[in-house]
Each structure stands twice: as structure tokens, then as C-alpha cells.
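These are the residues of each chain, in order.
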Amino acid sequence: MLDMDFVHLATFLRWIESKALDLGDRMQKGYKRIWSSGDLGLYLLWLIMHLIVSIWYFAVDLVNSLESYLISSGFMKQYKDLDISKVRYLAVVLDSEEALDTMKVLELLRWLTVMGLRNVCLYDPEGVLKRSKDALSLWLRSEGANGDALVKQKYLNLEVISFTDGKHAVAKAANFLLKKHYVNADAEVPELTESDMADALAEIGYAAPEPDLMLIYGPVRCHLGFPAWRLRYTEIVHMGPLKSMKYGALIKAIRRYTMVRQNYGT
Amino acid sequence: MIPLVLFHNSMSSLKPCRATKTTTGEWPNGARENEVIRLRGYLNQEFMPKHVALIMDGNGRWAKKRGLAVQDGHKSGRINLKYLTYNCSNLGIKMLTAYAFSTENWNRSRMEIAFLMTTFEEFIQSLVEDLMTRHDIRFSAIGEKSRLPESLQSAISKAEEMSRTNKGLHFVMAMSYSGRNDVVEAAKIIAKKVERGTLQTSEIDEAMLEQELMTNIGQFPNPDMLIRTSGELRLSNFLMWQLAYSQFYFSDKLFPDFGEEDLLEALASYQYRVSAGFESDWK
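Listed in order, the protein sequences are those of chains Y and B.
Note that the first sequence covers residues 1 to 266 in my numbering.
Note that the second sequence covers residues 1 to 283 in my numbering.
Warning: the hint list may mix true and false statements.
Unchecked claim - Computed beta-carbon distance windows for the label pairs:
| id | chain 1 | residue 1 | chain 2 | residue 2 | range |
| --- | --- | --- | --- | --- | --- |
| 1 | Y | K180 | B | Q125 | 41 to 51 Å |
| 2 | B | S202 | Y | S195 | 23 to 33 Å |
| 3 | Y | S85 | B | S109 | 24 to 34 Å |
| 4 | B | G92 | Y | E67 | 37 to 47 Å |
| 5 | Y | V60 | B | G92 | 29 to 39 Å |
| 6 | Y | M259 | B | K193 | 45 to 55 Å |
| 7 | B | Q45 | Y | R131 | 33 to 43 Å |
| 8 | Y | D134 | B | T165 | 50 to 60 Å |
| 9 | B | Y272 | Y | E67 | 18 to 28 Å |
| 10 | Y | A198 | B | R196 | 20 to 30 Å |
| 11 | B | R134 | Y | I52 | 36 to 46 Å |
| 12 | B | Q45 | Y | L51 | 26 to 36 Å |
To be verified - As a list, the in silico PhoX-like pairs of lysine-lysine whose alpha-carbon atoms are at most 25 Å apart:
| id | chain 1 | residue 1 | chain 2 | residue 2 |
| --- | --- | --- | --- | --- |
| 13 | Y | K179 | B | K192 |
| 14 | Y | K180 | B | K192 |
| 15 | B | K193 | Y | K179 |
| 16 | B | K145 | B | K192 |
| 17 | B | K158 | B | K145 |
| 18 | Y | K180 | B | K193 |
| 19 | Y | K252 | Y | K104 |
| 20 | Y | K172 | B | K192 |
| 21 | Y | K243 | Y | K130 |
| 22 | B | K145 | B | K193 |
| 23 | B | K145 | B | K94 |
| 24 | Y | K252 | B | K253 |
| 25 | Y | K172 | B | K193 |
| 26 | B | K50 | B | K82 |
Treat the hints as calculated values from the structure; they're not laboratory data.
The C-beta atom is built at its ideal place from N, Cα and C for all residues, glycine as well.
In isolation and in its complexed conformation, chain Y is listed as follows (with noise of 0.2 Å):
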């Protein structure tokens, strides 16, 4: 006999109810636009296609939803044993308007927690983050202190950063090296190579690691403008809305990336 996890079960079936909602709110939007059209045949024709189209695209959802339902239940046993040491930089991009809902960042940052990561990079390109960082980092103290056992025995170094981190920390490093090596220069001008230009962002507070692994959540599939210089051999994951965030799908990125062997060009 299976043993269930009965609050995971309930969160599935309340997604399914919302899914076939929504379906039905997509069904009566294409109504509409049958009768304001003249061509009441094609219509209908396409209604029936883009029925056809919208349940394949929810069995595929379903399909998801279950096989992260069963990952983070702990049912796939390849998932289980998780080497979490190989992921020492974890970096979170999200869209500003998902960065928003504090609620769900915190919520993910609790998973990454538990999941026994230590350092973290939140970005965002509005630098919302970067206003609820406080918040963000007393509740998750709050809450070890309250005695949620497992976030209390771990510890999260939380990085956050904004648009101005990236392109602009470039353009001032620039500035430090035109400043030191031409302008005032009364030496012979140095070939200036890229460990220059990481040295000259360290002088001016922008020394950061690169993340190993980057996670995007948000509608768009690219890294919205998270310091450049730091993404040589990211390996970068689009997860999809924040809001319908699955701890089985953060689980199943963490373990391919834990599988991936980078062999830097050679």
C-alpha cells in the first residue's frame, strides 16, 4: 500500500480543478468571437482545432504536474539521493513583476533551504528584490527560530541583485581602469586582458562568483540582463511562472544539472 502524502494530493487536485476552469474560460472567449463574425463555419473549424490544441496542452500540463507530484513525494527513487556540494552557487532571475510576490520568493528560498543550498543569487532587473531583501532575510531567520527544524540547522548566504549590478558595474570598471592605467598613467600603458578588468570589478565592489546553475522564472526565456560577466559556464534553466512553481521541477533541474559534465571548450 502506498503511503500518501495527503497534503501534496489535495495542492494537485485544486491545480486540476483551476486548469479545467481556465479551460472553460478559453472555450467561452472563442464563442464570442464566432457570433462577431460573419463566417460562422470557419469559425467554428477553428474553435474546434484550438480545442483540440488547448486539452493536448493540458494533458501535457497534467503530465507535469504528476511527474512533479511524484519527485518531490519522494516515489522516484532517482531523485531521492540529490549531491546538492556540486551546485556551490545557485543563481534565481526573475521577472520584476514576479519578483513581487514576496510570499512565493520566500517560499522558494525555504525549498532551497531545506535542499541544503548556501549560497544564492536572487536578480531581478527593477531591483524589487533588492527592497524586500530585509524582509526576506528575517523571515527566513524568523522562522529557524520558530523551530521549523530544518530551515533552523541551515544557513542561506542570499545574494541579491538588480540591472545596476550588471552592464553599469562593467561600464564603472572601465571607468577605474581608464582612470588608473590611461588617464593618470605615467607609465607605459599595460595590454589590458579580462583578469584586469575582474580585478578592477573587485576594487569596486562588484567581485562576485559565478553562479553554477541559474533558474528563470517568469514568462520570458532569457536571463534579463543578470551581470554578463558572470555567466561564462552557467548552465541556465527555464522554470516557468513563479506563481505555479513545483518543488518536484526545482528537484528535477538541480539533479541534471548535478549529471552535466562541462568540458569548457576542450
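Take the given structure of chain Y and dock chain B to it, following the hints.
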């Protein structure tokens, strides 16, 4: 609304295995033509990306899977790149930047490097004979060209000069390229201009750096989308600055197997996101 194009894309992935290329990388005649014609019909010219960046990964693994030498994989990759360039030109894409050789690739064996340099030279020569003269394609190369063999440098200069006035697709080949080095070189150029007095400024900003990046040779320096083959999910030091708002499309196919149908699927995926309003409004 879910566009029909995505429905067809997903259904096509359920079909049995496709036609395979010969060991020399040549396409059999008429391979999957109907599939390609169908996918082409669903693309919207209005939402076509202007600039596509391409990381051509998987040549070595493709050869290993077939029990061939790595060189055969690179040969197949070269042939496939020529077809993809032609496809992009036909589809109305304005700029294609292909990552042919990174600075990290200099750590490979001497034999492989020598073979790759010869392959690039042959590729550029065949490009000149065919795509540039008959399809009005413009060629450029970016990267640390001084590290390349002289014969390759000469072939590059000749091809760039011959195609300078061409108005079609701008094909850019990144050789001995590093995204970080691109930024450093841009900073050096600006600093030298300030030192010589040709640029009056006390502060370098992002816009000035962007002006001096190596990709600022075309009308659309920042890619709209990046395609990477072979299932790897990273940038590998390629156009890191320029790809800030580019849509990523990671394909599991090894590069020699990434054909026109796969390109069309990638473009359809891009167009779906753009037409649905998912594209970042930070651009």
C-alpha cells in the same frame, strides 16, 4: 490563445525518426520536404527575429555516435552550417552569428585545431563561391583574428572585402572569440580614443561600451534569439553582453542533425513568445 503553429510543432515530434544524412553529411534528396513546407507556412514574417545567434555544439559527439572520426563530425557540421545559412537567408533573417571557435577551444589537440582551421578556410571559400555571389550574403568574422593562421586570416579578409556591399543576410562567424574579451577590447578602444583626444569624455557608460563591441558591425548587433544544439544549456562565453534580452532555444539535437525543420521549430517557438507578448519589454 495557443497558436496552431505550436500544435503542429508538438505533433511533429511524435512522428517516427526522420531521414538521416549520409556519413559525409549530405542531405538525401527531398528529405522531409513536406514537413518543412508545412512549418514554413506557419511562420509570420512580422515576428521573424532580425538577428539569430547560433552555438553549433555536438559535432564530435555526432561522429562518435556513428563510429566516425571527429573530423567527419566537423565536416558534417560545416555542410550543415552552409545549409542553415542559406535557410536563414531565405527566411528573411537579417543577421546570423555562428560560434565557430572559442578561445577555450585553443586547448584542444594540435591536430584537431589544425583540421578545424582548414575546415573554416574551406567553408569560407565555398561560401564565397556560392552563397555570397548567388544569394547576396555578406560575410564578417569577429574574434581574436590575430591568433588564426595567416592563410585563414587572408581568406577572411578577402571574403569580407568581396561581400562588403552585399545587401542580404549578414553572416558573422565568431572565431577565437570570448565574450569577456569582447567587453575588455571595447573598453580598450574607448580608453585609447580618450587618450588620443578623439573622444571627449570623463565617464564611460554602457552605451559607449556597446558601440565598440565586436558585433557592432551589423544593423542589429544584439541577437533576438540564441539557438544552442546538443542539449547543453549554457552560453560558454559567447556574446554574454549582447544576449541579455535574447530568447534562448536549447535543442537536444547534435549540430549536424539540426536541419531546416529544427530551425523552423525554433523560430516558431520564438514567434509564439513574441506574438503572445512574452518578449521582455526591457529591450
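Quick rundown of the hints versus the structure:
Range check, Y:K180 to B:Q125: about 45 Å between beta-carbon atoms, so the 41 to 51 Å window is met. Look at B:S202 against Y:S195: about 25 Å separates their beta carbons, and that is inside 23 to 33 Å. For Y:S85 and B:S109, the Cβ-Cβ distance of about 32 Å falls inside the hinted range of 24 to 34 Å, so the restraint holds. The given range of 37 to 47 Å is respected by B:G92 and Y:E67, whose C-beta atoms sit roughly 39 Å from each other.
At roughly 31 Å, the beta-carbon separation of Y:V60 and B:G92 lies within the given 29 to 39 Å, and the hint holds. At about 47 Å, the beta-carbon gap between Y:M259 and B:K193 stays in the expected band of 45 to 55 Å. One distance hint, 33 to 43 Å for the beta-carbon pair B:Q45 and Y:R131, holds here, with the actual separation near 42 Å. Checked against the hint of 50 to 60 Å, the pair Y:D134 and B:T165 passes, with Cβ atoms roughly 58 Å apart.
At roughly 23 Å, the beta carbons of B:Y272 and Y:E67 sit within the given window of 18 to 28 Å. For the pair Y:A198 and B:R196, the beta carbons lie near 26 Å from each other, so the given range of 20 to 30 Å is met. In this structure the hint that B:R134 and Y:I52 lie 36 to 46 Å apart at CB holds, the actual value being about 43 Å. At about 28 Å, the beta-carbon gap between B:Q45 and Y:L51 stays in the expected band of 26 to 36 Å.
Of the supplied pair hints, the one linking Y:K179 and B:K192 holds, its CA atoms being roughly 12 Å apart against a limit of 25 Å. Proposed proximity of Y:K180 and B:K192 is supported: the alpha carbons are some 13 Å apart, at most 25 Å. Proximity of B:K193 to Y:K179 is assessed by CA-CA distance (about 13 Å); at most 25 Å being required, the pair is judged to hold. Between B:K145 and B:K192, the direct Cα distance comes to roughly 20 Å. Compliance with the 25 Å bound is thereby established for this hinted pair.
Only pairs whose Cα atoms come within 25 Å are accepted, and B:K158 paired with B:K145 is accepted, the gap being roughly 14 Å. Using a Cα cut-off of 25 Å, the hinted pair Y:K180 and B:K193 holds, with the two alpha carbons roughly 15 Å apart. Between Y:K252 and Y:K104 the CA atoms are separated by roughly 19 Å; this keeps the pair inside 25 Å, and the hint holds. A C-alpha spacing of about 17 Å is found between Y:K172 and B:K192, which places the hinted pair at or below 25 Å, so the restraint holds.
Note on Y:K243 and Y:K130: the hinted pairing holds, with a Cα-Cα distance of about 20 Å set against a maximum of 25 Å. Straight-line distance between C-alpha atoms of B:K145 and B:K193 comes to about 22 Å, which keeps the hinted pair within the 25 Å bound. Only pairs whose Cα atoms come within 25 Å are accepted, and B:K145 paired with B:K94 is accepted, the gap being roughly 24 Å. With a CA separation close to 21 Å, the supplied pair Y:K252 and B:K253 stays within the 25 Å bound.
Taking the CA atoms of Y:K172 and B:K193, the gap is near 17 Å; set against the 25 Å cutoff, the hint holds. The suggested pairing of B:K50 with B:K82 holds, with an alpha-carbon distance near 19 Å, which does not exceed 25 Å.
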